[in-house]
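Chains E and L supply the protein sequences, listed in that same order. Under the working numbering, the first sequence is numbered contiguously, ending at residue 361. Under the working numbering, the second sequence is numbered contiguously, ending at residue 309.
No lab work stands behind these hints, which were simulated from the structure alone. This one's a predicted model, so the numbers in the text were calculated from it and none came from an experiment. Any given hint might turn out to be false.
[What the hints assert, rightly or not] Computed footprint of chain E on chain L; a stretch qualifies when at least three of its residues, placed anywhere within it, have a C-beta under 8 Å from a C-beta of chain E:
#, stretch
1, 99-113
2, 274-288
[Said to hold, decoys possible] Just a few of them, taken from the derived set where beta-carbon distance is under 10 Å, the chain L residues facing chain E:
#, residue
3, D87
4, V91
5, F96
6, I231
[What the hints assert, rightly or not] If you want the ones that stay clear, here's a sample from chain L, every Cβ over 12 Å from chain E, calculated:
#, residue
7, V13
8, D121
9, V146
10, Y149
11, L154
12, T155
13, L169
14, K179
15, S190
16, A198
17, G224
No residue lacks a Cβ here, since even glycine has one placed at the ideal position from N, Cα and C.
Okay, here's what each chain looks like letter by letter:
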Amino acid sequence: MTAPVLTEPDVVLTARPSLAARLLRGVLPYVLALVLAFVVAGIVIAALGYDPIEAYRTIFTTSFRTGFGFTETLTKWVPLTLLALGFTIPLAVGRFNIGGEGQLLVGATAAAGVGIVYADLPSAVLLPLVIIAGVLAGVVWAGIAAFLMGRFHVNEILSTVLLNFVSFQVLDYAATEVWSDPAAGVAATRRVGEGAELPTIGGPPGVHAGLLLAALVALATIVVTRRTAAGFELRAAGTNPRAAGINGIRVERIAVIALIIGGALGGLAGALEVSGVHGRALEGMQSNFLLLGIIIGLIARGSALWVPVVAFGIAILEVGASSMQRTVGVPAEMVLIIEALILIFLLLSDVIAGRLARRVA
Amino acid sequence: MNEFATLAQLTVVAMVPYLLASLGTMLGGLAGVFSVSQEGVMLLGASVGFLISYSTGSTAVGILLAAAVGALFGFALGWATTVLRLDQFVVGLALFFAATGLAGLLFRVVIGQTGQTPLVDTLPRLEIPLLSDIPLLGTALFSHNVLVYFAALLTVGLWFFLYRTRAGLNLRSVGENPKAADSLGIPVKSIRLWTTAAGGALMGIAGAYLPLVYTGTFTEGIVGGRGWLAIALTFFGGWRPQYIAAGALFFATMDVVALRAEVSGIDIPSQVLLVVPYIATLIVMVFALRWARVPEFLGKNYDRESRTG
Numbered sequence: 001m002t003a004p005v006l007t008e009p010d011v012v013l014t015a016r017p018s019l020a021a022r023l024l025r026g027v028l029p030y031v032l033a034l035v036l037a038f039v040v041a042g043i044v045i046a047a048l049g050y051d052p053i054e055a056y057r058t059i060f061t062t063s064f065r066t067g068f069g070f071t072e073t074l075t076k077w078v079p080l081t082l083l084a085l086g087f088t089i090p091l092a093v094g095r096f097n098i099g100g101e102g103q104l105l106v107g108a109t110a111a112a113g114v115g116i117v118y119a120d121l122p123s124a125v126l127l128p129l130v131i132i133a134g135v136l137a138g139v140v141w142a143g144i145a146a147f148l149m150g151r152f153h154v155n156e157i158l159s160t161v162l163l164n165f166v167s168f169q170v171l172d173y174a175a176t177e178v179w180s181d182p183a184a185g186v187a188a189t190r191r192v193g194e195g196a197e198l199p200t201i202g203g204p205p206g207v208h209a210g211l212l213l214a215a216l217v218a219l220a221t222i223v224v225t226r227r228t229a230a231g232f233e234l235r236a237a238g239t240n241p242r243a244a245g246i247n248g249i250r251v252e253r254i255a256v257i258a259l260i261i262g263g264a265l266g267g268l269a270g271a272l273e274v275s276g277v278h279g280r281a282l283e284g285m286q287s288n289f290l291l292l293g294i295i296i297g298l299i300a301r302g303s304a305l306w307v308p309v310v311a312f313g314i315a316i317l318e319v320g321a322s323s324m325q326r327t328v329g330v331p332a333e334m335v336l337i338i339e340a341l342i343l344i345f346l347l348l349s350d351v352i353a354g355r356l357a358r359r360v361a
Numbered sequence: 001m002n003e004f005a006t007l008a009q010l011t012v013v014a015m016v017p018y019l020l021a022s023l024g025t026m027l028g029g030l031a032g033v034f035s036v037s038q039e040g041v042m043l044l045g046a047s048v049g050f051l052i053s054y055s056t057g058s059t060a061v062g063i064l065l066a067a068a069v070g071a072l073f074g075f076a077l078g079w080a081t082t083v084l085r086l087d088q089f090v091v092g093l094a095l096f097f098a099a100t101g102l103a104g105l106l107f108r109v110v111i112g113q114t115g116q117t118p119l120v121d122t123l124p125r126l127e128i129p130l131l132s133d134i135p136l137l138g139t140a141l142f143s144h145n146v147l148v149y150f151a152a153l154l155t156v157g158l159w160f161f162l163y164r165t166r167a168g169l170n171l172r173s174v175g176e177n178p179k180a181a182d183s184l185g186i187p188v189k190s191i192r193l194w195t196t197a198a199g200g201a202l203m204g205i206a207g208a209y210l211p212l213v214y215t216g217t218f219t220e221g222i223v224g225g226r227g228w229l230a231i232a233l234t235f236f237g238g239w240r241p242q243y244i245a246a247g248a249l250f251f252a253t254m255d256v257v258a259l260r261a262e263v264s265g266i267d268i269p270s271q272v273l274l275v276v277p278y279i280a281t282l283i284v285m286v287f288a289l290r291w292a293r294v295p296e297f298l299g300k301n302y303d304r305e306s307r308t309g
């Protein structure tokens, strides 16, 4: 389970592959995957009796036609990027964090709790407290799984997933027993104090300032993983754990730390959803961010550089999905299938591109 | 005493989805292919099983098609990991997403937006003559729907097949040491393909069980983590049918106890009761993993040409 997961199959072992080979390997799979996914999904949409061209036009234009659409896309980009990074950082050491949902929810619960209890504090004090509370909750949540993994070798896929189901009840308890807001309709906490809400930038309508924070985190992840000793150790521990261990890198410890950092990002995402979007913690706020985060991480092949880009693409699809359901009538679930198909075809195209590249090289 | 018989009966009913999904996981895993798409395949099985039963009026056809769709997803995992040698976890996750999306889409396309919940008849109880008249045990064990008996027979049958036949030994050798198996002429690839397909079929049936026995309808949260719990169950069942059955009993008991405690109005927040199965699983995993052994090649692809594998 510690073997590198995202190296492409049939890797050519020449020192410097030719440009053609590199292009084939780098670009071709993505082009193939996108084209195939949209063609296959288009056939399904047509078979269901809708117009695929119209459906796709709605998906791709919603984000850019109006300020609201673009705002919504950027707002979705924040948790998607954070959860995707929370997945890819442990993945670099060959560990699967499937607990982003739980980390987001406990982060949101903690953030909402602080925002409600200390509602009267001024923003300069309360806002940082709320965000820190969210991050810490995420750290604790992933920390449980990391501890079980490091100390008892409990498979982290299972522990992180099981903790998701526990987190639903943590949120539910806070939202129905502790800080409940009976007027909300669903299980939801009361609103946080005004000082806990993130300011809006740009607009109108504008995006919450958590966007900057998320962008900063994404940038920091890129710099740390690619340009520092810690990032080097992370990648070394992932690509060849045995060689890394021989060279004095403590692989197990790095895996534990990576999982905890993943949890911190999940918790941050939860805090930002509370103080930037909902103003409270509520049932269902995790949406399908977990699945999407993993899809983004895998499509980006675990690269911190590409995660924000892919996340933006997926955010466009997601925002377009609901508008497609409204105007064209195609069920929004279709978009999840498109996303899964992109991933599946990307994996398949890798094999094809690998074989072609070997022939060219 | 009557109360006890009812509880025992409910527990047996609750065992089945865990047992089937876990046996499916075990089957592929013993040949070395580790699936992580249970949760999605079960949801798809639930959706297909419900929709087909709803539109044809035949639960048998619903269950069979759920099994067929599950087998298709299982086969896809087997094919992508043996023929293309793609990473098992990544492919498993991708199939999980595809199945989840497809489950929701199918339901939306067939049923659409309706005010009232579409319902199907749940599976009838088949009382086994004579045996079901035994006091207590009769109610607990011999008065169930057909899938309960299927799961019980399957458990025994799989145990016999895996540990008492040559073919079963061959199967297990593929998960323990595919190179050695290959050199003895055992068809590694085809064994991995059929075990993942059969495993997927079991997961599909496990999913179809939920609407067809419990609720009579499909909801998006119907699987509720049972697929993931089935993976945990397979691990601490040591990848053996008999211990997996014992573990399924443990999960089912917790399900029933939590439900009962909630109904009886004991003064514990319902949220605490609802997390018990998940927390208990985590705790059990800490201890169980010490003795449970895992197939040596679990999760690893086999490449005949590789010198290290």
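Outcome of the hint check:
1. Counting residues of the stretch 99-113 of chain L whose CB falls under 8 Å from any CB of chain E gives 7; the rule of at least 3 is met.
2. Residues of the stretch 274-288 of chain L lying with their CB closer than 8 Å to a CB of chain E number 8, which satisfies the three-residue condition for coverage.
3. Checking D87 (chain L) against chain E by beta carbon gives a least distance of about 5 Å; that is within 10 Å, so the hint holds.
4. A distance limit of 10 Å between C-beta atoms decides the matter here; for V91 (chain L) the minimum to chain E is near 7 Å, and the interface restraint holds.
5. With a least beta-carbon distance of about 8 Å to chain E, the hint placing F96 (chain L) at the interface is held under the 10 Å criterion.
6. At a threshold of 10 Å, the smallest CB-CB gap from I231 (chain L) to chain E is about 6 Å, leaving the interface hint in force.
7. At the 12 Å boundary, the C-beta of V13 (chain L) stays outside the reach of chain E, the nearest C-beta of that chain being 21 Å off.
8. Distance check on D121 (chain L): its Cβ is at least 27 Å (rounded) from any Cβ of chain E, clearing the 12 Å threshold; non-interface status holds.
9. With a cut of 12 Å on Cβ distances, V146 (chain L) stays outside the contact zone with chain E, its closest approach being about 30 Å.
10. A cut-off of 12 Å between C-beta atoms confirms that Y149 (chain L) is not in contact with chain E; the least separation is 30 Å.
11. Every Cβ of chain E is farther than 12 Å from the Cβ of L154 (chain L); the closest lies at roughly 24 Å, confirming the non-interface assignment.
12. No beta-carbon of chain E comes within 12 Å of the beta-carbon of T155 (chain L); the shortest separation is about 22 Å.
13. With a least CB separation of 26 Å from chain E, L169 (chain L) remains clear of the 12 Å interface cut-off, as annotated.
14. Non-interface status of K179 (chain L) relative to chain E is upheld: no Cβ of that chain comes within 12 Å, the nearest being about 17 Å off.
15. With a least CB separation of 20 Å from chain E, S190 (chain L) remains clear of the 12 Å interface cut-off, as annotated.
16. Distance check for A198 (chain L) against chain E: the nearest CB is about 22 Å away, which clears 12 Å, and the non-interface claim stands.
17. Listed as outside the interface, G224 (chain L) is inconsistent with that label: its C-beta sits roughly 8 Å from the nearest C-beta of chain E, within the 12 Å cut-off.
This entry does not satisfy hint 17, going by the numbered hints stated previously; all others are met.
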